[in-house]
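K.L.:
Chains as they are written, first to last, in my numbering: chain C, 18 to 629; chain L, 519 to 710.
The set of hints was computed from the structure by calculation and includes no laboratory data. Every residue, glycine too, gets a C-beta built ideally from N, C-alpha and C. Keep in mind that the hints are not guaranteed to be accurate.
[Unchecked claim] DSS-like, lysine-lysine: derived pairs with alpha carbons at most 25 Å apart:
(1) C:LYS422 / C:LYS361
(2) L:LYS636 / C:LYS209
(3) C:LYS209 / L:LYS632
(4) C:LYS442 / C:LYS422
[What the hints assert, rightly or not] Derived Cβ-Cβ restraints for the label pairs, each shown as a range:
(5) L:PRO662 / C:LEU66: 47 to 57 Å
(6) C:ILE50 / L:ALA551: 14 to 24 Å
(7) L:LEU606 / C:ASP186: 30 to 40 Å
(8) L:PRO662 / C:SER558: 47 to 57 Å
(9) C:PHE326 / L:TYR651: 43 to 53 Å
(10) L:LEU652 / C:ALA386: 49 to 59 Å
(11) L:LEU652 / C:PRO327: 47 to 57 Å
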Amino acid sequence: MKQTLASPVPHRSSLVRRYQFVALFFAAAAVAIVAQMIRLQISPDAIELRSRGQLYTQELHTFFPARGEIRDRWGNVLAGNQTVYEIGVDLQTRSRNPETIAFTLSRVLSTHAEYNRPEYYDSVFTAASRQPISGTVYAVLADYVTETEVAEIRRWSQEYEQLYQDRADDKNRQTLQGLIIRPHLMRVYPEKDLASGVIGFVNRQGEGFFGVEARYNPLLAGEPQTLPMSTDPTRAQQLPAIPDGATLILTLDREIQRMAEQVLDDAIVANGAEGGSVVILDPRNGEILAMVSTPRLDLNQYWQYSDIFPGATPFNRAVSRDYEPGSVYKVLTMAGALDSGAVKPETTFLDTGSFAIGGYYIHNWNWGAWGEQNMTGCMQHSLNVCLAWVASQMGTDIFYSYMQKFGIGRLTGIDLDGEVPGRLKIPGDSDWYDVELGTNSFGQGVAVTPLQLSAAIASVANQGEMMSPHIVMAYVENGQQYTIPPRPISHPISAETAHTLTEMLAVSLEDEASDALVPGYRVAGKTGTASIAGPTGLYDSDLTNASFVGWGPVDDPRFLIYVWIEKPTSSPWGSVVAAPIFSQLAQRLVVLLNLPPDTIRLAMAAQASTTP
Amino acid sequence: MSTSSRFQQAYAQAPWRLQLQLSGAFILALIAAWMIAAMYLDVSTRAAAIGRQIQEMQVSSRSLSVNSAQSAGAESDPLSDTLSIEELRLINENLQTQLAYLSSDALMVDRATKMGFKPVAADELLYLQVAGYLPRQTAQLAPPPGPAVGEMGNGEWEVGGDPYRRQAPQAMLEWLRDEILRALELVREAQP
Numbered sequence: 018m019k020q021t022l023a024s025p026v027p028h029r030s031s032l033v034r035r036y037q038f039v040a041l042f043f044a045a046a047a048v049a050i051v052a053q054m055i056r057l058q059i060s061p062d063a064i065e066l067r068s069r070g071q072l073y074t075q076e077l078h079t080f081f082p083a084r085g086e087i088r089d090r091w092g093n094v095l096a097g098n099q100t101v102y103e104i105g106v107d108l109q110t111r112s113r114n115p116e117t118i119a120f121t122l123s124r125v126l127s128t129h130a131e132y133n134r135p136e137y138y139d140s141v142f143t144a145a146s147r148q149p150i151s152g153t154v155y156a157v158l159a160d161y162v163t164e165t166e167v168a169e170i171r172r173w174s175q176e177y178e179q180l181y182q183d184r185a186d187d188k189n190r191q192t193l194q195g196l197i198i199r200p201h202l203m204r205v206y207p208e209k210d211l212a213s214g215v216i217g218f219v220n221r222q223g224e225g226f227f228g229v230e231a232r233y234n235p236l237l238a239g240e241p242q243t244l245p246m247s248t249d250p251t252r253a254q255q256l257p258a259i260p261d262g263a264t265l266i267l268t269l270d271r272e273i274q275r276m277a278e279q280v281l282d283d284a285i286v287a288n289g290a291e292g293g294s295v296v297i298l299d300p301r302n303g304e305i306l307a308m309v310s311t312p313r314l315d316l317n318q319y320w321q322y323s324d325i326f327p328g329a330t331p332f333n334r335a336v337s338r339d340y341e342p343g344s345v346y347k348v349l350t351m352a353g354a355l356d357s358g359a360v361k362p363e364t365t366f367l368d369t370g371s372f373a374i375g376g377y378y379i380h381n382w383n384w385g386a387w388g389e390q391n392m393t394g395c396m397q398h399s400l401n402v403c404l405a406w407v408a409s410q411m412g413t414d415i416f417y418s419y420m421q422k423f424g425i426g427r428l429t430g431i432d433l434d435g436e437v438p439g440r441l442k443i444p445g446d447s448d449w450y451d452v453e454l455g456t457n458s459f460g461q462g463v464a465v466t467p468l469q470l471s472a473a474i475a476s477v478a479n480q481g482e483m484m485s486p487h488i489v490m491a492y493v494e495n496g497q498q499y500t501i502p503p504r505p506i507s508h509p510i511s512a513e514t515a516h517t518l519t520e521m522l523a524v525s526l527e528d529e530a531s532d533a534l535v536p537g538y539r540v541a542g543k544t545g546t547a548s549i550a551g552p553t554g555l556y557d558s559d560l561t562n563a564s565f566v567g568w569g570p571v572d573d574p575r576f577l578i579y580v581w582i583e584k585p586t587s588s589p590w591g592s593v594v595a596a597p598i599f600s601q602l603a604q605r606l607v608v609l610l611n612l613p614p615d616t617i618r619l620a621m622a623a624q625a626s627t628t629p
Numbered sequence: 519m520s521t522s523s524r525f526q527q528a529y530a531q532a533p534w535r536l537q538l539q540l541s542g543a544f545i546l547a548l549i550a551a552w553m554i555a556a557m558y559l560d561v562s563t564r565a566a567a568i569g570r571q572i573q574e575m576q577v578s579s580r581s582l583s584v585n586s587a588q589s590a591g592a593e594s595d596p597l598s599d600t601l602s603i604e605e606l607r608l609i610n611e612n613l614q615t616q617l618a619y620l621s622s623d624a625l626m627v628d629r630a631t632k633m634g635f636k637p638v639a640a641d642e643l644l645y646l647q648v649a650g651y652l653p654r655q656t657a658q659l660a661p662p663p664g665p666a667v668g669e670m671g672n673g674e675w676e677v678g679g680d681p682y683r684r685q686a687p688q689a690m691l692e693w694l695r696d697e698i699l700r701a702l703e704l705v706r707e708a709q710p
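Please put together the full structure from these sequences, using the hints given.
P.N.:
Structure, rendered in structure tokens:
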């Protein structure tokens, strides 16, 4: 028997089974993998896993639009933006040198008021020495750094690099590596304190305060957008085009505003007054050409606000401070009386020096009796007694009805922040007494803002139609300019009444040879001298509020000027203090408005009407 | 049966031939899959590299390293090609503000005074009537919103609506052709 040493060759079918077993094993493994993949996709945990994955594929970025500009009616920039820089340190940069960073920043920023302090070096050194723990990888070292300062830091950086270019491995080398510069925009005001009461300011958090900066903050600031940006390079997205904030075009005229500010500032100094306000508007459409208030703030240094406006000092007296206006208010009383038919211009009144109403006697400003006067004489001599009588002729209902039609005691709705409504007590109020009808007729016992009275009296200059005073003429948004049309508020008196009263007030100025007269231009106007109530409500102070309101040219009014001088010490009278200021303003205003003298203007109009 | 015929029959009936066919088909499919994968990988790599560049540029537009080459070069040449749109926008804002400062009322008055000008008084003015004179116009920084008028492509004119949202009519086949051409272009670019 032959014996073989080799192992027996497996049978062919056995081999096939082995191969089949291996194939089955791999097939089962493949099926298991596929099954697991399907299970992962459809399992209840799949949504959670997918959402977790999404966290790493996207980052939320907030994009801030540039704040819109503010311009005057001719396009001059009153508020714009400038690039400043935030300087920080990347804590993940191993080669950073906190000592060099602190030394450089404390030296370069020593001219920067905010960082010119001894402890700044230590604070930068501490911040730059921190380790990137707890997710903190970046520390801010300075902000609002100017372009010049950044250029200086870069120069230092280049010099450090050149100094150590052969010693790159030196662990103690001086370097500014890790320093990060981030540009961003800051609000700036090229005209500094010009029209500061109207414009307002923006703080570092981008919040608008006062004026149009506050009132139009959402429009100016635009809409920041927070968008998920893919971290996957294959899905790199285009940066979204965030539209900038809207640009506002104001009704203000920069040159008129500056002129009015200079005149008022000089007048306050000359008269030893506490403060003052001037409003210049176009009575035809309610556009504010200038609005001045004292004190004013350089808006680029808004942090001085509390020093310049201590206590309850209003940021803009023209809209935020109400006061008893005195005799300028008589314009409204006479307008209502003429319009209601209670009196006519030729109606006479025998002034005996006092008039009893509500159990009290009303007296004139000089405690004298002026004898028989017509209504023009009453306005010319500003007779309290006469106007109290006129109000009594109108009756309580009609008088207060007209005052409400003129918008007294209500907001004018001007598009500025911080407007106050003033106060008009009416019959039925707990603090209204019968004597109020008399005192209100000459502007005591009623509180108004300069703007409120300007807007009301502008209706007399605009054929009886009262226009909404406004400061924004147009705005530019998304490449289109939207003009805000003039808006009539009410028609408190007829055009005929307006013409009659304007003529009466023009004549009264001329007859009186008032200091308010403007050579070459016929103007109408009224003085105002108001006693100031003390804390007890008694008029026991010698100080007054001196005012003047005037408009012109009489035949076609193009401007109305309201002047308020608070507590002048040179003289208590509006005719002495405020009337010359009106004249001064008007004489310079007609030049800036390109308004020829009446004779030339009327001759040109006549020539134009006769030319075919 | 000739020798040749027998050889052909033997070749046709050879058991390894079927295996060869199967193997060939499998390898062919494998090569095709490999080529597609390679092409996909190449395109993906290029897209990722370009995407990464875009992301870096986006980051650099918001923050710059103090000693980066870009920041150093940007100072000397503000209109350098390396500046991003965001940086140009900031430069524009700065230039506008600089212009506003230079033309501010106080500086203009100061400049005029130094040149010998003085404010004119009302009685010093001489008014002339000029035919066709147009008074100074208030600021017009942008066109006013109005009815958009546009040609619709079919000879008709559309009034109203947003002209930027108006879409040109495009047939389905034209769209498909454009997409195919675009895909082919992408593949051509992906070739090494």
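K.L.:
Does LYS422 of chain C sit within 25 Å of LYS442 of chain C, going by the straight-line distance between their CA atoms?
P.N.:
14 Å, holds
K.L.:
Between the alpha carbons of LYS636 of chain L and LYS209 of chain C, is the straight-line distance 25 Å or under?
P.N.:
Measuring from Cα to Cα gives roughly 23 Å; hence the hint holds.
K.L.:
Starting from the range 49 to 59 Å, see whether the pair LEU652 of chain L and ALA386 of chain C falls in it by beta-carbon distance.
P.N.:
57 Å, holds
K.L.:
May I ask you to test the hint 14 to 24 Å on the CB atoms belonging to ILE50 of chain C and ALA551 of chain L?
P.N.:
18 Å, holds
K.L.:
Honestly, do PRO662 of chain L and SER558 of chain C meet the 47 to 57 Å range at C-beta?
P.N.:
53 Å, holds
K.L.:
Is LYS209 of chain C within 25 Å of LYS632 of chain L, Cα to Cα?
P.N.:
21 Å, holds
K.L.:
Is it true that PRO662 of chain L and LEU66 of chain C lie within 47 to 57 Å of each other by Cβ?
P.N.:
With a Cβ separation near 54 Å, PRO662 of chain L and LEU66 of chain C satisfy 47 to 57 Å, so the hint holds.
K.L.:
Does the Cβ pair LEU652 of chain L, PRO327 of chain C satisfy 47 to 57 Å?
P.N.:
49 Å, holds
K.L.:
Confirm or reject the claim that LEU606 of chain L and ASP186 of chain C have a C-beta distance inside 30 to 40 Å.
P.N.:
38 Å, holds
K.L.:
So the hint says 43 to 53 Å: do the beta-carbon atoms of PHE326 of chain C and TYR651 of chain L match that?
P.N.:
Given range 43 to 53 Å: holds, Cβ gap about 45 Å.
K.L.:
Does the structure keep LYS422 of chain C and LYS361 of chain C at a Cα separation of 25 Å or less?
P.N.:
20 Å, holds
Against the hints set out earlier in the document, no violation occurs for any number.
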